[in-house]
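Protein chains: 2
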Amino acid sequence: MNLPFKIRSLRRGDRLPLTALLKAQAHFRPAEVQIALELIDLALNQTGEEDYLIRCAESGRGEIVGYACYGKAPLTDAVYDLYWIVVHPDYWSRGPGSALLLQVENEVERLKARLLLIETSSLSSYARPRSFYLKHGYRELARIPDYYAVGDHKLIFGKAL
Amino acid sequence: MNLPFKIRSLRRGDRLPLTALLKAQAHFRPAEVQIALELIDLALNQTGEEDYLIRCAESGRGEIVGYACYGKAPLTDAVYDLYWIVVHPDYWSRGPGSALLLQVENEVERLKARLLLIETSSLSSYARPRSFYLKHGYRELARIPDYYAVGDHKLIFGKAL
Chain W
451 MNLPFKIRSL RRGDRLPLTA LLKAQAHFRP AEVQIALELI DLALNQTGEE DYLIRCAESG
511 RGEIVGYACY GKAPLTDAVY DLYWIVVHPD YWSRGPGSAL LLQVENEVER LKARLLLIET
571 SSLSSYARPR SFYLKHGYRE LARIPDYYAV GDHKLIFGKA L
Chain A
451 MNLPFKIRSL RRGDRLPLTA LLKAQAHFRP AEVQIALELI DLALNQTGEE DYLIRCAESG
511 RGEIVGYACY GKAPLTDAVY DLYWIVVHPD YWSRGPGSAL LLQVENEVER LKARLLLIET
571 SSLSSYARPR SFYLKHGYRE LARIPDYYAV GDHKLIFGKA L
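These protein sequences, in sequence, are chains W and A. No gaps in the numbering here: position 152 of the first sequence is 602 in our numbering, and each next residue is one more. No gaps in the numbering here: position 25 of the second sequence is 475 in our numbering, and each next residue is one more.
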């Protein structure tokens, strides 16, 4: 059963709980956690044009149980990248991922986006995010073989909006 | 006939001639010039880890006639992106592009790169860079249809090193 989650913008005090959330992702590589944190810091400190937008999913008890980071793809007219969508393992399949994805889709549609792209890995440890994207209407548009490492391909999923 | 060109690292005083070089690229979109300049500024100001590396091609008269910007692809074990290779139109087919590409390939090979990637557009105005990459052994590994705009696909070329 899906619980209700409040989706809200990023606040300065969120850095610590978001760090904990990232570290709870057993399938994430250390470099992935580091880059995700860099994007959080960029989102917290950017002024003017917002290259990285972050939305947090909050439980009824006010805890952050997931977040999404997205932004306009440079050089495109109206394509957006969903850089990260992260949910605490205790809340997998309980709704925050879908709530975050729906919120991001709504927001980029308001910005006249044509296409939302998500990159992921071909490894079996990424089967859950892949099936999550497929369930929400994303399709594999392209793949770069042996991208992350030999045998670990980059898959580029997309959904027309 | 190919002229001899000196390939050297970026210096602070290069920003102005590089800006002029970018503005001389009639096929570049304004956003492309802006992002290329952002990467030049990042390369000039980065301390510690170097995400963006720039090499300049200098003519016998000490003028910058081209440059290349490359860096390690985040989250990959040993893949590099060639973000930009720009040559002044007066010097097209006269050698600086090939000299720059060869230099970048040599440098990333020393860094144990497996693969060098270059993204480009499917538009007819990009036929020259596409044939330049093909001539140098790059192959289309993937494409994202309607990426930059409807009808303007992103092509991802790569060469195993």
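Hints may contain errors.
It does not matter which identical chain is used: a pair holds within one copy or between any two.
To be verified - Straight-line alpha carbon distances no greater than 30 Å define the calculated DSSO-like cross-link-like pairs of lysine-lysine that follow:
| # | residue 1 | residue 2 |
| --- | --- | --- |
| 1 | K522 | K585 |
| 2 | K473 | K522 |
| 3 | K609 | K456 |
The hints are simulated quantities; they were obtained by calculation from the structure and are not laboratory data.
Quick check: which numbered hints come out false for this structure?
none
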